[in-house]
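Enquirer: Next come the chains, spelled out residue by residue.
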Amino acid sequence: MSLMNVYQISSQGMSAQRERLEAAATNLANANTTRTAAGGPYRRRDVILESVSSASALDAPFGTEMGMSAREPDGVQSRTLVSESAEGIKRHLPGHPDADANGYVTMPDVDSLEETVNLMSAARAFEANVTAFNTAKELARASLKLGEA
Amino acid sequence: MTLSGPDQVTSLLTTFLNVQSRRAEVVSTNIANAETPGYHAKELDFAGHLRQAAENASAPRGGQQSAQSAQSLTNEARVVEQALPEVIRLDGNTVDMRREMSTLSETGMQFLAGTQMLQSHLRLLRSAIREGR
Chain A
1 MSLMNVYQIS SQGMSAQRER LEAAATNLAN ANTTRTAAGG PYRRRDVILE
51 SVSSASALDA PFGTEMGMSA REPDGVQSRT LVSESAEGIK RHLPGHPDAD
101 ANGYVTMPDV DSLEETVNLM SAARAFEANV TAFNTAKELA RASLKLGEA
Chain B
1 MTLSGPDQVT SLLTTFLNVQ SRRAEVVSTN IANAETPGYH AKELDFAGHL
51 RQAAENASAP RGGQQSAQSA QSLTNEARVV EQALPEVIRL DGNTVDMRRE
101 MSTLSETGMQ FLAGTQMLQS HLRLLRSAIR EGR
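Taken in sequence, the protein lines are chains A and B.
With the first letter of the first sequence counted as 1, position 105 gets the number 105 in this note's numbering; the numbers rise by one all the way through.
With the first letter of the second sequence counted as 1, position 131 gets the number 131 in this note's numbering; the numbers rise by one all the way through.
Any given hint might turn out to be false.
[Said to hold, decoys possible] Now the stretches of chain A that chain B is said to cover, found in silico as 3 or more residues with beta-carbon under 8 Å:
id	segment
1	14 to 26
2	74 to 84
3	87 to 93
4	122 to 133
Hints in this document: simulated from the structure, not taken from any laboratory.
Where a beta carbon is used, it is the ideal one built from N, C-alpha and C, also for glycine.
Okay, chain B solo, but in the shape it has when bound (with noise of 0.2 Å):
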């Protein structure tokens, strides 16, 4: 753990909490959105972004530049419709209650740990600078 310079778990982290922010607003929007007629269900494209951060952690880098692609995949990640499910409502909305439901506890209770990593890692921080004490 070095102390010069932007440290990577706190960027990290937030990358993490960015996500899962955007997550929950991409869900409230289809919530928003969950009697609007022709409306159809998006989400972050996920798999795209999976895809695009494992091309990257295989190429040789330092710490410093996977924060550095973390961060950029961030604001890179695409929102995307849904998949059509197999049968859709007669006013051709496919926003799925259940599913945004249980999209947003999980973001929420995502967030929450992500929340108290970067805690307990400021709290680490703050101790070493403390000596300690």
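Just chain A, with the same shape it has in the complex (with noise of 0.2 Å):
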């Protein structure tokens, strides 16, 4: 059932979407924050995606017995890295409780332009995704709707 697979395709793809939503909504709370449970300042949080074959190990025999093609539709996965660097901004804040000797503390490495544009693009992703699935949704209840009179 191909419109099956478009409810677990769009879904991947708005999961995926949202975790870069709250990835962007992390960086930007975090932006100026200099003390983390790890030590240092924070640390960016990047969202990868990553395109993967969507096809479970029951769908195989299972489409093979139903006659269907053997086809892998795919879908998308996502995940969170943080970043490796422990480089941020030094700022000179000389009054600042977490400054160095010379008066500079580490920001994170956090650009709240990169980070609302993220936001924007991941929002739009998003709608797609949802435009996408609510088309077959649609297709589905006309396809219910063949019995009616």
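Join these two chains into a complex; the hints should help.
Expert: Structure, rendered in structure tokens:
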């Protein structure tokens, strides 16, 4: 059932975009965080997206039994990576409690303009996935109505 | 219109709906991967599909067989990568959102048209079964 695959693919797309939104929101919220549990300033979160085959182990034999051609729809998978570089932006704030001997504070490597753009792009991409999902839903509803007079 | 055995209109329309839902699947894959670096947009290979159908149609055969060949075509329709655009984004992604959105709504309309046709065909059958009442 191709339409069922659309649901799966689009919801994967939606969760991937939601993860991007979360990462951007976290980064913006922590743009000035100088203390973390791990020590040092906050480290930027980046989300990487990867196109994956969403065919599960169950699908393959089931599909063959049902006479469907073996094909693997591509979904998308996301992962949040924490920036490994401890290099932040040095700012001269001598009065700051976290300032070093020279009066410099290491601020997180977060570009708020970049994060805002990520936020917008993730929101648009999420909407596109919702549209695809809704179209599939409408089509499925039309198919269900076939039995009616 | 015969009622013995599987009837041709129903199976052709079913094939049509299957093709459209596969298209919707491919489009939704492209949309889900709209931000995936290095992802190349995909589409159903319609040109190859049509060529094969034309070759099959030129050979003389009965209606039943043509319906069957249409069925086999659906299963064989391959998913291929779209032709690369002239300008590729820096992340190597080739999904054109406007194109995907228009394909999505086109597919939706085609599918709805297919269900309408199938519905009126079923209505005809039902009317015949009930002797026009």
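Enquirer: If a hint holds in the structure, say so; if it doesn't, say that too.
Expert: Each hint tested on the structure:
no.: 1; hint: 14 to 26; verdict: holds (count 3)
no.: 2; hint: 74 to 84; verdict: holds (count 3)
no.: 3; hint: 87 to 93; verdict: violated (count 0)
no.: 4; hint: 122 to 133; verdict: holds (count 7)
Going through the hint list in order, the structure does not satisfy hint 3, though it satisfies all others.
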